[in-house]
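Novice: Given next are the chains, with one letter for each unit.
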Amino acid sequence: MTFLGMPTLSGEPFPTAARAALGDAQLRRNLAKATGTIRAKRARVVEELPDWAGLRAAGAAIKDATLADLDTHLLAFEADLVARGTTVHWARDGAEAARIVTDLVAATGTREVIKVKSMAGAEIGLNDAFDAAGIAPIETDLAELIVQLGHDRPSHILVPAIHRSRAEIRDLFRREMPGVAPDLTDEPAALAEAARRFLRHKFTTVDVAISGANFAVADTGSLVVVESEGNGRMCLTLPRTLISVVGIEKLVPTWSDLEVFLQLLPRSSTGERMNPYTSVWTGPTEGQTAHVVLVDNGRTATLADTVGRAALRCIRCSACLNSCPVYARTGGHAYGSVYPGPIGAVLSPQLTGVAHNRTLPYASSLCGVCQDVCPVAIDIPSILVHLRGKVVEDHAPVAEAAAMRALAWAMADAGRWRRLLRAGRLGRALGRRRDRIGSLPPPLSAWTGTRDAPRPPRQTFRDWWESR
Amino acid sequence: MRVALFVTCLVDGLFPDVGKATVTLLERLGHEVVVPRGQTCCGQMHVNTGYARMALPVVRNHVEAFADADVVVTPSGSCTAAVRHQHADVAREHGDRGLADAAAQVGQRTYELSEFLVDVLGLTDVGAYFPHRVTYHPTCHSLRLLRVGDRPEQLLRAVRGIDLVELPAADECCGFGGTFALKNPDTSTAMLADKMAAVVGTGARVLTAGDSSCLMHIGGGLSRLRTGVRPLHLAQVLASTADAPTAVTR
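As they're listed, the protein sequences go chains A and B.
Residue numbers for the first sequence follow UniProt numbering, beginning at 1 and rising by one.
Residue numbers for the second sequence follow UniProt numbering, beginning at 1 and rising by one.
Where hints are given, some of them may not hold.
Pairs of lysine to aspartate or glutamate, EDC-like flavour, derived with a Cα cap of 20 Å [unchecked claim]: (1) Lys390(A) <-> Glu93(B); (2) Lys202(A) <-> Glu176(A); (3) Lys202(A) <-> Asp131(A); (4) Lys202(A) <-> Glu112(A); (5) Lys202(A) <-> Glu227(A); (6) Lys20(B) <-> Glu32(B); (7) Lys20(B) <-> Glu466(A); (8) Lys202(A) <-> Glu229(A); (9) Lys33(A) <-> Asp186(A); (10) Lys390(A) <-> Glu400(A); (11) Lys20(B) <-> Asp435(A); (12) Lys33(A) <-> Asp171(B); (13) Lys390(A) <-> Asp379(A); (14) Lys390(A) <-> Asp305(A); (15) Lys41(A) <-> Glu272(A); (16) Lys33(A) <-> Glu187(A); (17) Lys20(B) <-> Asp243(B); (18) Lys41(A) <-> Asp171(B); (19) Lys33(A) <-> Glu168(A); (20) Lys41(A) <-> Glu227(A); (21) Lys41(A) <-> Glu172(B); (22) Lys41(A) <-> Asp372(A); (23) Lys41(A) <-> Glu229(A); (24) Lys20(B) <-> Asp463(A); (25) Lys33(A) <-> Glu172(B); (26) Lys33(A) <-> Asp194(B); (27) Lys33(A) <-> Glu272(A); (28) Lys41(A) <-> Asp51(A); (29) Lys390(A) <-> Asp89(B).
To be clear, the hints were calculated from the coordinates, so they are not data collected in a lab.
Since the model is a prediction, treat every value here as computed from it, not as a measurement.
Using the sequences plus the hints, can you model the full thing?
Specialist: In structure tokens form, the structure reads like this:
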């Protein structure tokens with residue numbers, strides 16, 4: 001099987017990766033169906049709440065207040081964790097975090113770990129670090145397992161295998177999953193049963209588990225994992241060693257703050273009133289060793305940016321991905337970053353540097369639907385524009401900057417502007433068919449590849465106005 | 001009422017008929033239209049592409065051109081949004097507080113056409129006659145930045161002779177997005193293809209919207225595919241009367 005538009009996390013520009021993805025008809029069908037379904041579900045359950053706007057404003061306010069005082073909350077959180085017997089580690093970047101985790105696993109003598117689905121784990125490149133250290137990571141989230149068996153990359157925050165159809169998953173299971181029946185069908189129940197058999201064995205035999213956390217409650221030192229399948233809970237309770245990788249922005253001050261997010265998250269992400277499994281743990285269970293790795297990896301720098309910091313409110317619900325017309329057509333791989341979609345386009349450049357993500361801030365038509373559906377009201381379009389400014393500051397394409405400068409010069413003065421528009425009438429020579437221009441030179445050929453351009457009129461509005 | 005028309009750079013240079021229709025409509029409703037000479041462009045393309053610093057003199061020019069106007073009307077949701085929501089921020093970010101304040105003032109007095117007709121003039125029936133099957137595309141910035149809601153549809157429903165048909169997935173972006181269409185041509189085209197399929201599926205003869213930019217994009221696609229669907233700005237539909245009908249063929 002070939003994977004069109006696949007993943008190079010190596011920084012292939014978005015337009016190039018998108019072109020390949022757009023050419024994959026199966027991918028576009030899978031995406032349109034999945035995002036359409038989840039979008040409709042979300043809209044229904046959000047609609048039924050009497051004061052979604054108020055809840056959303058509360059979520060945004062709690063996150064902003066917590067971020068403004070993050071150092072205090074983090075120290076309180078650490079003190080609680082330590083007091084209850086958890087070992088706390090601090091990691092400046094992804095590489096350091098991955099090293100801490102692999103060292104901890106290596107120290108247990110185990111060669112296999114089970115994993116709870118976690119974006120933080122993906123962000124710090126944990127699976128690659130495990131592979132390099134000779135440790136086998138086993139994904140227990142069904143979609144993550146599908147991605148892992150396919151030697152693939154996740155393409156969605158919530159549904160990592162959204163780009164796969166049921167038939168593709170059946171073929172994958174038949175080929176890659178140990179002990180699977182050769183006549184496995186593509187019925188969801190049959191696929192789930194096959195995964196269950198495979199995972200049950202791992203839950204009962206593997207001794208070390210890796211988790212992330214959806215939330216961390218500062219005043220009790222509690223970690224929270226929200227999930228649909230219950231596989232995470234198996235990982236959290238059965239293994240003797242539990243290592244949790246937590247981004248420092250995951251904190252909420254108190255349990256009553258958590259209440260707000262447990263209403264916002266499931267409705268925004270899966271379109272459910274409540275998710276099936278919510279696990280909260282405060283310190284290790286008896287006989288268990290617990291570690292928490294607190295990860296910065298660009299978050300402190302993001303916090304310093306007064307416009308960009310709002311992205312740290314994100315609770316990884318993926319409502320913006322499911323609503324974005326760009327994501328729905330290109331899929332997550334085209335973004336070439338761990339976090340895809342609109343939130344990825346603002347988060348990834350901030351966490352890993354604008355220089356490595358120059359096309360991501362432009363991977364949006366600024367239609368604004370992402371902001372509308374965001375449960376914590378992140379103004380994603382404004383952050384995208386802000387980041388475009390940063391891209392331009394250091395890496396503006398020379399021809400584009402020159403054209404923009406010339407246009408701005410003309411637009412700053414009505415006399416110059418009028419002369420430019422009059423000169424534009426020369427463009428009439430290009431129009432033939434039905435007063436339309438079918439072909440323009442680069443870079444405007446990007447327009448006329450698929451659309452006719454309007455032929456300049458004989459008379460501008462201004463000239464008409466003054467002549468009437 | 002004395003109304004200052006912000007005609008927008010696109011309408012001035014490429015779609016003068018939209019500006020003429022806006023003038024015709026406002027004058028028919030009994031208002032005096034003035035066109036401040038100093039105006040050019042709102043600078044949105046610069047700001048949205050990351051060139052906010054370059055846009056600063058363009059913003060200053062716009063604010064100066066409209067500083068004396070009591071009320072500004074423009075046939076564009078997108079440009080209204082830029083004037084109302086971007087100008088003051090751009091000025092403030094570049095340290096010009098005086099300009100930021102003046103820009104905020106101009107922004108408060110600037111209205112998109114359907115907002116002006118419904119909210120300021122209190123009209124939904126503007127006396128138009130347009131005997132064609134029409135479908136309406138609510139442009140993203142009208143919908144989500146200005147929240148014009150169903151004002152354009154209220155105006156269209158009151159047009160005599162019109163056969164207004166609903167556009168499926170109307171609130172989905174057409175894929176224009178300013179320089180997005182040039183920087184991401186393939187993705188933009190994929191979005192456009194779905195929008196065009198929806199438009200053609202309605203059987204409408206005319207596609208209307210409140211922004212010439214989106215109409216230029218969708219219309220450019222419809223023309224390339226020779227669908228026969230004609231893009232017309234909302235102002236052109238509302239300006240049409242039995243005595244002076246807006247032409248649909250060309």
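Novice: Decide, hint by hint, whether the structure agrees.
Specialist: Status of the hints after comparison with the structure:
no., hint, result
1, Lys390(A) <-> Glu93(B), "holds, 14 Å"
2, Lys202(A) <-> Glu176(A), "holds, 16 Å"
3, Lys202(A) <-> Asp131(A), "holds, 18 Å"
4, Lys202(A) <-> Glu112(A), "holds, 9 Å"
5, Lys202(A) <-> Glu227(A), "holds, 19 Å"
6, Lys20(B) <-> Glu32(B), "holds, 14 Å"
7, Lys20(B) <-> Glu466(A), "holds, 12 Å"
8, Lys202(A) <-> Glu229(A), "holds, 16 Å"
9, Lys33(A) <-> Asp186(A), "holds, 17 Å"
10, Lys390(A) <-> Glu400(A), "holds, 15 Å"
11, Lys20(B) <-> Asp435(A), "holds, 19 Å"
12, Lys33(A) <-> Asp171(B), "holds, 18 Å"
13, Lys390(A) <-> Asp379(A), "holds, 17 Å"
14, Lys390(A) <-> Asp305(A), "holds, 11 Å"
15, Lys41(A) <-> Glu272(A), "holds, 8 Å"
16, Lys33(A) <-> Glu187(A), "holds, 17 Å"
17, Lys20(B) <-> Asp243(B), "holds, 16 Å"
18, Lys41(A) <-> Asp171(B), "holds, 17 Å"
19, Lys33(A) <-> Glu168(A), "holds, 15 Å"
20, Lys41(A) <-> Glu227(A), "holds, 17 Å"
21, Lys41(A) <-> Glu172(B), "holds, 17 Å"
22, Lys41(A) <-> Asp372(A), "holds, 16 Å"
23, Lys41(A) <-> Glu229(A), "holds, 18 Å"
24, Lys20(B) <-> Asp463(A), "holds, 11 Å"
25, Lys33(A) <-> Glu172(B), "holds, 16 Å"
26, Lys33(A) <-> Asp194(B), "holds, 14 Å"
27, Lys33(A) <-> Glu272(A), "holds, 18 Å"
28, Lys41(A) <-> Asp51(A), "holds, 18 Å"
29, Lys390(A) <-> Asp89(B), "holds, 16 Å"
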